[in-house]
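Numbering-wise (our numbering), the sequence shown opens with residue 1 and increments by one.
To be clear, the hints were calculated from the coordinates, so they are not data collected in a lab. All values derive from a computational prediction rather than experimental measurement. Just so you know, not all the hints are guaranteed correct.
As a list, the in silico BS3-like pairs of lysine-lysine whose alpha-carbon atoms are at most 27 Å apart [said to hold, decoys possible]: (1) K191 x K170; (2) K169 x K47; (3) K137 x K17; (4) K187 x K103; (5) K146 x K17; (6) K146 x K103; (7) K123 x K146; (8) K137 x K169; (9) K147 x K123; (10) K147 x K187; (11) K169 x K183; (12) K17 x K44; (13) K47 x K170; (14) K44 x K34; (15) K44 x K58.
Okay, the calculated beta carbon distance ranges per label pair [as the list claims (entries may be wrong)]: (16) E6 x F203: 31 to 41 Å; (17) D84 x R193: 48 to 58 Å; (18) S206 x T2: 33 to 43 Å.
Just so it is clear, CB atoms sit at the ideal spot from N, CA and C, and this is done for glycine as well.
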Amino acid sequence: MTIAIETFNCDYQSYYKILEAADSEIKITLQFNKIVSRQSRKEKIDKITQLIHSELLKFDWIIVGSIQVDLTWYLNAVERQETDKVGDIDNITKPIIDALSGKNGVFVDDSQIGGLYSCWMSKNELYSDNVLVIQIKFNNDYVLYKKNLRFIQYSGAACLPVNMDITSKKDLLVAKVLVIVRKKHRKLADKARLIGANIDRYFVCSEFDFHRTRLSGFTSSDVLTNDQLNDIFVCIGIKWSDIRNFFKR
């Protein structure tokens with residue numbers, strides 16, 4: 001099995017190369033002999049997952065916004081028709097998507113996928129292996145660095161991703177302000193519902209919010225509750241007056 005990565009308007013260190021261009025893309029080319037499906041043995045799925053992770057771990061950043069994923073499978077047409085070695089498109093796509101997401105992937109969760117296109121074509125007979133080409137297209141305004149990436153569970157199971165050094169007063173203040181703003185949005189939506197209006201689409205929905213159960217591979221140390229964030233404030237010596245002054249800037 002082999003893997004190759006190409007990037008467009010981004011690289012392993014930076015999620016954009018041209019400041020004015022918001023569109024970026026990652027192209028992954030996989031070559032492997034055995035097709036893996038959801039019904040495959042765990043060790044087979046783990047093997048291809050580890051191969052994908054070995055490359056994706058080189059990225060210093062992770063996508064937190066909506067993405068489009070295109071998968072093109074180059075397969076042996078006769079083998080696909082005459083044997084059961086190649087599963088249906090849905091079954092062979094799911095293990096790949098799972099490998100691309102999570103803490104060791106390039107996006108947090110497959111709930112971010114706004115568009116998914118998976119198709120197969122007859123491969124060139126000169127290739128002995130099957131070939132899979134994956135294109136991940138995204139807006140690089142919705143990307144965070146993996147370093148100091150935290151999720152703040154601020155409302156029920158809703159988690160907000162932020163880059164935050166818990167020893168940095170500035171980072172903590174920025175995170176707290178984001179939480180305060182998101183909470184205010186949700187409270188406003190609650191009040192609107194009381195008078196018969198529904199503005200959840202505008203004040204509750206957010207590219208940056210994730211359900212706690214969607215944070216695959218992220219540990220409890222990566223997720224902070226609002227109370228834990230407040231405890232850190234106390235330890236660092238940040239006061240409410242600091243937050244008020246932050247808003248006055």
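Quiz item: Which numbered hints turn out to be false for this structure?
Solution: 1, 2, 4, 7, 8, 9, 10, 12 and 13
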